[in-house]
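Produce the complete structure using the sequences and hints provided.
Residue numbers (our numbering), protein chains in the order written: chain A, 45 to 292; chain B, 21 to 621; chain C, 22 to 205.
Hints should not be assumed to be uniformly reliable.
Label pairs and their calculated CB-CB ranges [as the list claims (entries may be wrong)]: (1) Thr89/A with Gln515/B: 18 to 28 Å; (2) Lys591/B with Gln172/A: 41 to 51 Å; (3) Lys366/B with Asp245/A: 46 to 56 Å; (4) Ala46/A with Lys596/B: 45 to 55 Å; (5) Lys48/A with Arg465/B: 37 to 47 Å; (6) Lys48/A with Asp37/C: 29 to 39 Å; (7) Arg177/A with Asp84/B: 17 to 27 Å; (8) Gln515/B with Gln172/A: 51 to 61 Å.
Below, in silico cross-link-like pairs of lysine to aspartate or glutamate (DMTMM-like), each with a Cα-Cα straight-line distance of 25 Å or less [said to hold, decoys possible]: (9) Lys456/B with Asp22/B; (10) Lys44/C with Asp61/A; (11) Lys26/C with Glu452/B; (12) Lys326/B with Glu72/A; (13) Lys366/B with Glu76/A; (14) Lys504/B with Asp478/B; (15) Lys166/B with Glu237/A; (16) Lys25/B with Glu237/A; (17) Lys48/A with Asp61/A.
Residues from chain B that keep clear of chain C, each with C-beta distances beyond 10 Å, as calculated [stated by the list, open to error]: (18) Ala358; (19) Asn385; (20) His440; (21) Arg506.
Calculated directly from the structure, the hints in this document are not laboratory data.
In this text, a Cβ means the ideal position worked out from N, Cα and C, and glycines have one as well.
The lines below spell out each chain.
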Amino acid sequence: MADKIKITVQRYRPEQDREPWDQSFEVEYTRETSLLEALNSIKDTQEPTLSFRWSCRMAICGSCGMMVNGVPKLACKTFLRDYAGQEMRIEPLANFPVERDLVVDLSDFIEKLERIKPYIIPKKGESQPGEQREYIQTPAQLEKYRQFSMCINCGICYAACPQYKLNKEFLGPAALTLIYRYNEDSRDGGKEERMKLVNQDTGVWSCSFVGYCSECCPKGVDPASAIQLGKVESAKDYLISMFKKKGE
Amino acid sequence: MDVVKADVAIVGAGGSGLRAAIAAAELNPDLKVALISKVYPMRSHTVAAEGGAAGVVRDDDSLDYHFHDTVAGGDWLCEQDVVDYFVHNTTRELYQLEHWGCPWSRKPDGRINVRPFGGMKVPRTWFAADKTGFHMLHTLFQTSTKYKSIIRYDEHFVLDLLVRDNQVYGVVTLDMQNGVVRMIQAKSVIIATGGSNRCYRFNTNGGIVTGDGMALAYRHGVPLRDMEFVQYHPTGLPGCGILMTEGCRGEGGVLTNKDGYRYLQDYGLGPETPLGQPKSKYMELGPRDRVSQAFWQEQQKGRTIKTHLGDVVNLDLRHLGADYLEERLPFICELARAYVGVDPVKEPVPVRPTVHYTMGGIETNGRTGTRIAGLYAAGECASVGIHGANRLGSNSLVETVVFGRVAGEEAAKFAAENEHTDTAPLTQIAQESLDKALSLVSGERSESVSQIRNEMGDAMEEGIGIYRTDESIRKTIDKLTALKERYRNIKINDQSTIFNTDWLTAIELGFLLGNAEAMAYSALNRTESRGSHQRLDFTERNDEQFLKHSLATYNPDGAPSITYSDVKITKLPPAKRVYGIEAENAEKAAKAAAQNNGGNQ
Amino acid sequence: MDLEKSTRQPYVRPVDSTWWTKKGFYTAYMLREGTCLLVLAFVLEMLGFYIAALTGANGLWKFASFLGHPVMIAFNALVLVAVLYHAFTWFPLMPKALRVIVKDTKSGLYKLLDGKYLVILLFAALLGVTVGGIVLFYYPELLGRLLSPFGLVKSIVESQDPSSMPNGDTMKDVSKLVQDYIGK
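Structural data, given as structure tokens:
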């Protein structure tokens with residue numbers, strides 16, 4: 045019961061091409077065939093020089109983000125059956141420089157993740173639990189940030205974000221979400237440090253709430269929500285600092 | 021050639037590599053730690069681990085129980101002193117992860133929650149819903165960014181180790197993004213590259229799990245130990261092999277055959293436990309080798325279910341209810357819906373055993389050191405001695421942090437005690453390694469990488485699967501020998517230096533072929549049945565001859581040589597490995613005997 | 022294959038100024054943002070109304086007839102549509118900015134209120150009435166002040182008294198006049 049579908053892939057070979065070009069393939073598929081499997085079969089049997097990142101095949105490692113008919117998706121969680129009767133056009137993840145074929149340069153994104161101090165900064169003046177004890181964190185406290193800790197760093201939200209398209213200085217959805225995730229963690233005391241990044245022009249206020257990041261996020265993280273909640277925090281921060289100044 | 025100097029070089033940035041890097045950085049902040057990975061750290065396959073990590077926390081649990089479960093679960097092929105160290109350090113490491121921000125699932129009072137897992141007497145598996153590996157990996161990666169002395173080399177493919185006079189001096193890498201060779205000179209090197217399960221066609225693993233580190237150490241003369249022990253996870257999705265965590269059964273899921281019968285009771289795991297009341301070491305909470313073997317037996321009896329994706333049995337979770345599934349197994353629900361179109365809330369999930377874990381690996385001592393000075397190995401790529409002939413679920417995730425830390429500290433100490441040698445001769449070695457790798461790309465050739473890879477994967481499934489025979493193993497060996505010959509004639513179409521995945525997958529295939537051979541010859545020579553190594557022609561365990569580790573030593577001109585080394589037994593002498601009611605009776609008998617002894621004295 | 026020197030040459034795709042027309046989601050967003058222009062125009066219209074009122078009955082009549090022009094009626098209808106569009110597209114977004122943890126596990130007002138717009142509307146109305154009620158209870162005179170501009174208009178229109186109209190340059194006196202009126 046194998047059907048066929050036409051897949052057009054945008055190619056770019058830095059040593060040979062000045063700009064990207066299209067190459068089309070015919071691929072057979074069944075009900076279970078994912079786009080990633082289709083690309084691997086193209087690589088194995090039709091075009092061995094086609095390059096793309098992949099690993100886990102189960103939507104958790106975050107390697108295979110790419111544009112499918114203009115929408116950023118994980119190739120391993122995109123199924124050809126959903127495009128029956130259509131053609132598929134595959135491009136590298138939008139808004140990132142293209143290194144080669146479907147491989148983009150993620151270094152800006154990774155640097156932003158690192159910049160926001162994505163780790164627990166112990167609270168000042170509070171003793172930490174010993175080696176054989178945990179911080180007490182109730183399910184309700186866990187729930188405050190749990191959803192925002194589900195990001196797999198695939199970069200899809202950056203490809204979905206028009207603000208990042210226009211301004212590469214914008215910290216962007218995943219990094220701002222990660223800030224919110226740590227700020228809301230009951231074990232963390234680093235909020236003050238991270239709020240500096242949130243309050244900057246390139247922080248939450250660069251977001252105009254398009255909301256497409258949340259629409260595209262393959263893990264239901266809802267970065268747009270984290271950013272709006274970050275705006276609330278930033279506004280509170282601003283008010284408090286005003287009063288503090290008056291008090292001085 | 022671009023040359024970078026570091027004190028400690030770590031190859032692989034999954035759970036073990038990241039933990040090692042942090043340990044080295046914390047122990048000695050003056051050391052420069054190079055963390056090298058062919059992918060970004062969060063892509064490492066630790067990310068796909070679902071169920072959890074074992075650590076004793078409950079009042080009714082004890083380190084002795086964990087020790088006993090692990091050693092018996094490994095069919096007595098474990099290094100007992102190492103297991104002892106392991107069980108004493110699991111909980112500390114898991115608390116450490118908690119302090120670093122890992123979102124462990126909690127009890128209502130805010131303390132760590134645990135779930136039951138296969139082969140474990142008492143529930144002791146820490147979990148973060150069903151994305152435990154994901155959360156551990158991201159916690160470790162994010163925490164690692166705190167240390168200024170850790171310098172990451174992301175998307176750097178390690179082509180070779182720099183070894184001279186039985187000491188390691190660094191690695192030679194290919195910077196995939198820039199298309200340049202970079203030699204990383206180091207005083208000590210840790211290999212933390214994970215398993216080699218891509219030797220098999222159907223597996224739960226990511227495409228990157230190609231045993232690179234094992235192959236590199238192996239080629240430099242470090243034996244691969246116990247490679248015949250390959251774990252089949254009983255519950256993978258048919259077709260793709262994607263993992264349905266053991267946590268499914270830990271939470272109360274059951275396995276049924278085509279008649280809806282819970283067949284595990286026929287294979288020494290019964291009697292049947294009531295639905296929704298999982299009992300440790302009974303039925304679905306048996307160890308993975310036994311549960312996978314039961315599938316094979318059912319298949320022989322024609323009691324599995326035929327589908328267009330092959331034979332399956334049913335993993336039934338429906339009685340757990342939508343809310344509970346959403347809380348405890350959300351990822352499982354997502355995966356089953358996406359990849360086989362089945363909603364676990366409404367229908368049973370079709371599953372079959374798929375290759376999951378390499379119990380064996382680079383031979384190390386209990387402190388992760390290898391036979392090469394300065395070279396350490398930790399995690400799935402290593403055989404430190406805690407898994408024996410069969411790993412218990414949730415022991416490997418915690419192994420990554422327990423022994424990742426040991427490796428980091430040991431390597432840091434070694435680096436602090438040694439000086440850098442001259443760079444020039446090392447550059448020479450690096451150039452030779454590079455030339456060897458480059459020789460794959462040039463010349464007129466015709467063989468296809470994917471074809472050889474697929475044929476290898478199929479041959480391994482057929483000959484060295486859940487059950488093996490002399491004949492089946494020999495057939496696979498012949499096939500592997502032929503494939504190795506064909507590999508010499510492999511055709512690389514891609515001549516680019518930037519992200520040349522055509523070339524890199526060919527190098528990986530070379531790694532896999534060597535590792536597969538080590539598995540095959542180790543399996544051939546072990547003429548007994550133990551743990552995950554089940555021979556239809558030698559069905560009994562043979563302690564007299566084979567209470568020993570197999571050591572496969574590389575031979576550049578042909579088959580690896582197989583020798584044996586002793587197993588360290590400290591406090592638990594070999595006994596019959598039993599589960600279900602048999603285990604309970606055995607325990608009662610042992611208690612009674614102990615009481616009698618006590619009374620006599 | 023030369024692996025000594027990098028041949029890396031990332032391709033940066035140009036940003037096309039019509040990017041927002043290429044995807045329905047972006048277009049809808051731009052329309053939502055675009056409604057602010059109409060709202061601005063409406064604010065200007067209101068300002069014109071104020072000024073006209075201050076110039077006296079004459080100006081007000083003129084302004085009224087200006088508003089009565091079919092083009093202006095159409096424009097105001099468009100403003101109404103735009104404001105409603107803005108309001109309704111905000112409804113599904115609103116819960117993202119609010120997070121309520123219910124029973125430990127169910128997270129977010131979003132899940133709780135998803136699709137229940139009538140509930141949200143009723144809640145908003147109830148909130149408005151309650152807050153308004155409380156404020157007016159304590160400051161009843163506020164109502165008169167809030168309505169005072171309308172009172173000013175009414176008095177001008179009714180009196181037809183030229184002396185109540187400011188002389189000379191109206192613009193200069195606008196703020197003073199309004200302040201005087203509200204303050205008295």
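Results for each hint:
| no. | hint | in the structure |
| --- | --- | --- |
| 1 | Thr89/A with Gln515/B: 18 to 28 Å | holds (20 Å) |
| 2 | Lys591/B with Gln172/A: 41 to 51 Å | violated (35 Å) |
| 3 | Lys366/B with Asp245/A: 46 to 56 Å | holds (49 Å) |
| 4 | Ala46/A with Lys596/B: 45 to 55 Å | holds (50 Å) |
| 5 | Lys48/A with Arg465/B: 37 to 47 Å | violated (31 Å) |
| 6 | Lys48/A with Asp37/C: 29 to 39 Å | holds (32 Å) |
| 7 | Arg177/A with Asp84/B: 17 to 27 Å | holds (22 Å) |
| 8 | Gln515/B with Gln172/A: 51 to 61 Å | holds (55 Å) |
| 9 | Lys456/B with Asp22/B | holds (18 Å) |
| 10 | Lys44/C with Asp61/A | violated (28 Å) |
| 11 | Lys26/C with Glu452/B | holds (18 Å) |
| 12 | Lys326/B with Glu72/A | holds (23 Å) |
| 13 | Lys366/B with Glu76/A | holds (20 Å) |
| 14 | Lys504/B with Asp478/B | holds (15 Å) |
| 15 | Lys166/B with Glu237/A | holds (14 Å) |
| 16 | Lys25/B with Glu237/A | violated (33 Å) |
| 17 | Lys48/A with Asp61/A | violated (30 Å) |
| 18 | Ala358 | holds (21 Å) |
| 19 | Asn385 | holds (36 Å) |
| 20 | His440 | holds (23 Å) |
| 21 | Arg506 | holds (23 Å) |
Checked against the numbered hints listed earlier, the structure breaks hints 2, 5, 10, 16 and 17; every other hint is satisfied.
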